[in-house]
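Asker: Here the protein sequences line up with chains A and B, keeping their order. 432 is the number that this note's numbering gives to position 432 of the first sequence; each next residue is one higher, with no gaps. 195 is the number that this note's numbering gives to position 195 of the second sequence; each next residue is one higher, with no gaps.
Mixed in with the good hints, there may be bad ones.
Stated by the list, open to error - Chain B is faced by these chain A residues, among others (derived, beta-carbon under 10 Å):
id, residue
1, K90
2, F200
3, I316
To be verified - Which residues of chain A face chain B? A partial, calculated answer using Cβ under 10 Å:
id, residue
4, H16
5, R20
6, R122
7, G126
Said to hold, decoys possible - If you anchor each label on the Cβ, the simulated ranges turn out as follows:
id, chain 1, residue 1, chain 2, residue 2, range
8, A, G300, B, E291, 50 to 56 Å
9, B, H66, A, L423, 41 to 47 Å
10, B, K224, A, D10, 57 to 63 Å
11, A, E450, B, Y290, 53 to 59 Å
12, A, H124, B, T25, 18 to 24 Å
13, B, Y290, A, L402, 25 to 31 Å
14, A, G310, B, G332, 41 to 47 Å
15, A, E349, B, H66, 44 to 50 Å
16, A, E385, B, N94, 48 to 54 Å
If you're looking for bench data, these hints aren't it; they were derived computationally from the structure. Glycine included, every Cβ here is placed at the ideal spot set by N, Cα and C.
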Amino acid sequence: MGTIYQELVDIVDAEHVSDRPEELYIYSFDLGTAEPHRPDYVVAPRMTQQVQEIMRLANREKVPVVPLGGGLSLAGLAVPLKGGILIDLKRMDSIIEVNEKARYAVLECGVSQAQLTSYLARQHPGLTHSEPGAPPTATIAGNVLIHGQGDLAQPYGFNSDLVNGLEVVLPTGEVCRFGSCAIGVSWFTNHPLPDMGLFFGWCGTTGIVTKLSIRLFPAKRLRGVGQFVVDDEELVPEIMEKITRTQMAEDVIAYSRAIPPFGMGLQHFTVNIAADSEKELEFKQELIWDDALGEYISRGVGGYLGFTRGLERPQISKTSDYKKGGGFEYVGSVMPIEKYPLCYRRGREISEKHDIPYTVTGRCIGAGHSMMFAWTYAFNRADPETMRQARQALHETDDLVLELGGVIWKPGTYGQQLIIERLDPGTRELMRRIKAVLDPGGIMNPGNWEGI
Amino acid sequence: MPLDTYKFHDLIHRCFRCGYCKFPTNWMDTNNCPPYARFRMEPYSCGGRLWLTRAWLNETLDWSEHLAEILYSCTTCRNCEIKCPLSFNVDIVNMVVAARGEMVEQGKVPPAVKRFLENIDLHGNPYGSAKSRRGAWAEGAAIERYSGQEYLYYVGCTGSYDTRAQNSSRALGVLLSKAGVSLGVLGAEENCDGNEVDKLGETGLFEMLAEDNIARYNDLGVKKIITLSPHAYNAMKNLYPRYGGDFQVFHYTQILLELINEGRLDVSRGFDAQVTYHDPCFLGRWNGEYEAPRKLLAAVPSLRLVEMEKNRDAALCCGGGAGNFEIDLLGGSESSPARRRVREAAATGATILAVACPKCLVMLEDALKAEELEGMLAIRDIAEILAEAGGTE
Chain A
1 MGTIYQELVD IVDAEHVSDR PEELYIYSFD LGTAEPHRPD YVVAPRMTQQ VQEIMRLANR
61 EKVPVVPLGG GLSLAGLAVP LKGGILIDLK RMDSIIEVNE KARYAVLECG VSQAQLTSYL
121 ARQHPGLTHS EPGAPPTATI AGNVLIHGQG DLAQPYGFNS DLVNGLEVVL PTGEVCRFGS
181 CAIGVSWFTN HPLPDMGLFF GWCGTTGIVT KLSIRLFPAK RLRGVGQFVV DDEELVPEIM
241 EKITRTQMAE DVIAYSRAIP PFGMGLQHFT VNIAADSEKE LEFKQELIWD DALGEYISRG
301 VGGYLGFTRG LERPQISKTS DYKKGGGFEY VGSVMPIEKY PLCYRRGREI SEKHDIPYTV
361 TGRCIGAGHS MMFAWTYAFN RADPETMRQA RQALHETDDL VLELGGVIWK PGTYGQQLII
421 ERLDPGTREL MRRIKAVLDP GGIMNPGNWE GI
Chain B
1 MPLDTYKFHD LIHRCFRCGY CKFPTNWMDT NNCPPYARFR MEPYSCGGRL WLTRAWLNET
61 LDWSEHLAEI LYSCTTCRNC EIKCPLSFNV DIVNMVVAAR GEMVEQGKVP PAVKRFLENI
121 DLHGNPYGSA KSRRGAWAEG AAIERYSGQE YLYYVGCTGS YDTRAQNSSR ALGVLLSKAG
181 VSLGVLGAEE NCDGNEVDKL GETGLFEMLA EDNIARYNDL GVKKIITLSP HAYNAMKNLY
241 PRYGGDFQVF HYTQILLELI NEGRLDVSRG FDAQVTYHDP CFLGRWNGEY EAPRKLLAAV
301 PSLRLVEMEK NRDAALCCGG GAGNFEIDLL GGSESSPARR RVREAAATGA TILAVACPKC
361 LVMLEDALKA EELEGMLAIR DIAEILAEAG GTE
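Input sequences plus hints: build the corresponding full structure.
Answerer: Right under this line is the structure:
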């Protein structure tokens with residue numbers, strides 16, 4: 001038995017293990033406002049077996065393990081709060097299978113959003129997946145595990161609802177499979193076996209997902225984005241309800257922001273529509289713009305801003321450069337749609353208090369079952385004061401989410417503690433027991449969900 | 001050196017490390033940044049390099065040879081600049097080169113970089129080969145010495161000294177001469193163009209090379225230059241004007257295309273093969289020339305051109321840029337960019353991988369051997385293909 005470093009080298013190889021300051025520095029950061037913490041080792045495995053061996057080593061030595069996908073949660077979820085071994089999973093990036101008939105894809109955990117988008121467009125143009133608005137390096141697995149949502153959220157819901165199966169390495173090193181793949185058949189469904197909620201929303205504290213199967217959907221030949229605007233935030237919930245009632249949209253987002261100034265206070269909608277023919281497109285547009293929203297136009301309280309053909313995928317975001325400062329972070333929440341006006345007004349107050357131009361966004365999930373509402377705070381990475389202001393605004397927003405009756409999405413440690421304080425005692429005890437069974441050594445991403 | 005005196009101190013913090021820069025334009029993988037493709041660890045990504053640079057300059061992180069190797073592993077291929085959607089993207093490579101300049105100033109560069117620069121300073125080439133042998137590649141070939149002809153044929157270090165690249169140097173020289181192009185070479189009087197020196201951050205040595213070359217060319221009355229290498233093309237076309245160099249500079253594929261269009265180049269024997277073409281970074285992304293090489297290949301009878309999935313501005317760099325063809329911080333692995341690239345070429349079904357750069361030629365030829373693909377695929381310079389198609393081989 002050698003040093004932990006040497007054992008990691010023996011498991012993977014010398015080029016993909018490091019305890020040097022340069023690697024430890026880079027992997028100590030989240031891209032948001034979270035304070036950095038250095039890991040003791042960084043390792044980038046290529047296969048499940050290597051992950052197993054790393055977990056056995058870590059469990060034996062009682063060394064913390066922090067799994068990292070794209071590292072784009074912006075909530076500090078992969079910051080090694082207590083040091084240990086940071087596992088960069090992005091080398092595990094094979095697209096293992098795409099099944100056209102059963103419409104699913106089996107992927108290694110490091111496959112990125114853009115990689116799958118591009119692969120499907122080139123090899124299976126009739127299929128698509130629900131792509132989030134995250135940068136294209138965000139991994140499919142990471143997004144699913146934090147209950148992410150994508151541009152098919154309106155018809156199909158959260159991306160975590162679209163999982164057919166998982167392969168997971170437990171903190172003790174065993175490999176488990178969930179879904180139909182668990183009985184040796186194809187990865188086509190999660191039903192009707194016992195579910196796998198042991199890993200979603202746990203912020204990497206219960207195991208490492210190494211493979212997953214996700215559902216794919218028909219990629220319509222024509223796709224585009226329609227835009228609508230109102231100046232009264234109180235109208236947003238009913239408009240969302242009316243659009244979702246048509247069941248003609250793939251994605252419905254309402255947003256408002258301070259920049260550019262002429263748009264401040266307005267509530268914009270983007271509505272993604274897809275069709276296989278001009279006739280279908282015309283029909284869908286008519287149902288949405290005329291039948292559902294026509295009354296707002298005729299009353300003079302809403303305006304149709306046009307329809308742009310084509311859908312930018314992956315989406316390009318320039319949010320990080322809003323302040324020419326290289327940074328932003330947001331609080332996401334899962335929130336009832338009727339809360340949109342309050343979310344907007346209270347969020348704007350927090351932004352203005354901290355001298356940050358406000359940006360709020362609400363994406364409709366399912367048939368209006370909820371929305372993911374996000375408050376974004378840009379900062380200048382070169383100016384610690386703007387980072388402090390943003391961090392304070394984020395904490396105030398975490399408090400606001402719970403005050404308004406929502407649930408914090410992918411909470412950082414501050415938000416996690418707010419949730420734990422309010423958690424049903426029975427649920428909290430069950431979570432504690434599950435954590436103890438799965439991770440008896442307490443090595444998985446410590447500092448997260450601490451104190452349950 | 002404190003951050004606030006660094007040329008890009010007000011810019012470097014703007015990189016968010018979102019990772020767009022890892023992708024090719026068609027988004028098919030995260031392997032289009034050569035160092036990241038090679039190591040797949042975040043410090044080797046474009047964003048990782050910028051964050052490390054900032055940490056070093058603001059004295060959060062000490063200099064180390066490993067840090068220097070990470071910075072010098074960037075081949076300056078400009079894939080990051082193509083992919084980054086933010087307004088500072090035009091300066092991403094400049095930020096890396098400027099950081100290297102700081103390391104050079106402090107005498108803190110990796111040993112291989114030091115050797116590379118010393119060899120150029122002492123011998124006029126990065127290999128440490130004798131200056132007197134620089135013109136040996138042309139022995140026996142009917143290529144004149146420069147004495148006021150219309151064009152100076154600038155061969156460059158790799159085309160002069162590397163035995164594999166010498167073949168393409170000769171092929172091009174003979175091809176041009178037979179087509180009646182008035183040209184001459186400098187032989188042992190030729191000196192390094194300095195493109196790699198500039199990209200390694202050795203500004204002083206680059207200035208010396210540029211000024212020396214410009215003075216020599218002016219003395220000889222040179223007005224027009226044909227370069228074998230896109231690297232030399234880039235230096236002479238884009239950098240020499242800053243030092244008073246006022247020459248019409250052409251990459252050889254541009255001249256050959258003119259000759260084809262004018263009916264002065266015979267390719268009637270054809271070239272019966274399926275061919276794929278690798279875009280050199282200093283011809284493509286640096287100078288926007290994607291079509292001349294393709295038009296040349298398309299003009300050859302029986303040649304069937306197929307594209308790799310990553311082509312034009314999406315092409316994966318061979319890993320040889322910014323001196324890495326000799327410094328070699330990216331070699332030694334099946335993940336090395338050159339080995340990835342020959343696998344991508346082989347996947348097209350082509351039997352010939354055409355190149356238009358002697359550095360790419362050497363890098364990919366070595367990769368071909370390492371991948372044991374020699375029976376399936378051969379690397380040929382476009383000049384060699386055209387020479388064969390014209391019977392001047």
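Asker: Against each hint, give a clear statement of whether it holds in the structure.
Answerer: Here is how each hint holds up against the structure:
| no. | hint | result |
| --- | --- | --- |
| 1 | K90 | holds (7 Å) |
| 2 | F200 | violated (24 Å) |
| 3 | I316 | holds (5 Å) |
| 4 | H16 | holds (7 Å) |
| 5 | R20 | holds (5 Å) |
| 6 | R122 | holds (7 Å) |
| 7 | G126 | violated (18 Å) |
| 8 | A:G300 x B:E291: 50 to 56 Å | holds (53 Å) |
| 9 | B:H66 x A:L423: 41 to 47 Å | holds (45 Å) |
| 10 | B:K224 x A:D10: 57 to 63 Å | holds (59 Å) |
| 11 | A:E450 x B:Y290: 53 to 59 Å | holds (54 Å) |
| 12 | A:H124 x B:T25: 18 to 24 Å | holds (20 Å) |
| 13 | B:Y290 x A:L402: 25 to 31 Å | violated (55 Å) |
| 14 | A:G310 x B:G332: 41 to 47 Å | holds (43 Å) |
| 15 | A:E349 x B:H66: 44 to 50 Å | holds (48 Å) |
| 16 | A:E385 x B:N94: 48 to 54 Å | violated (29 Å) |
The structure is inconsistent with the numbered hints 2, 7, 13, 16, although it conforms to all the rest.
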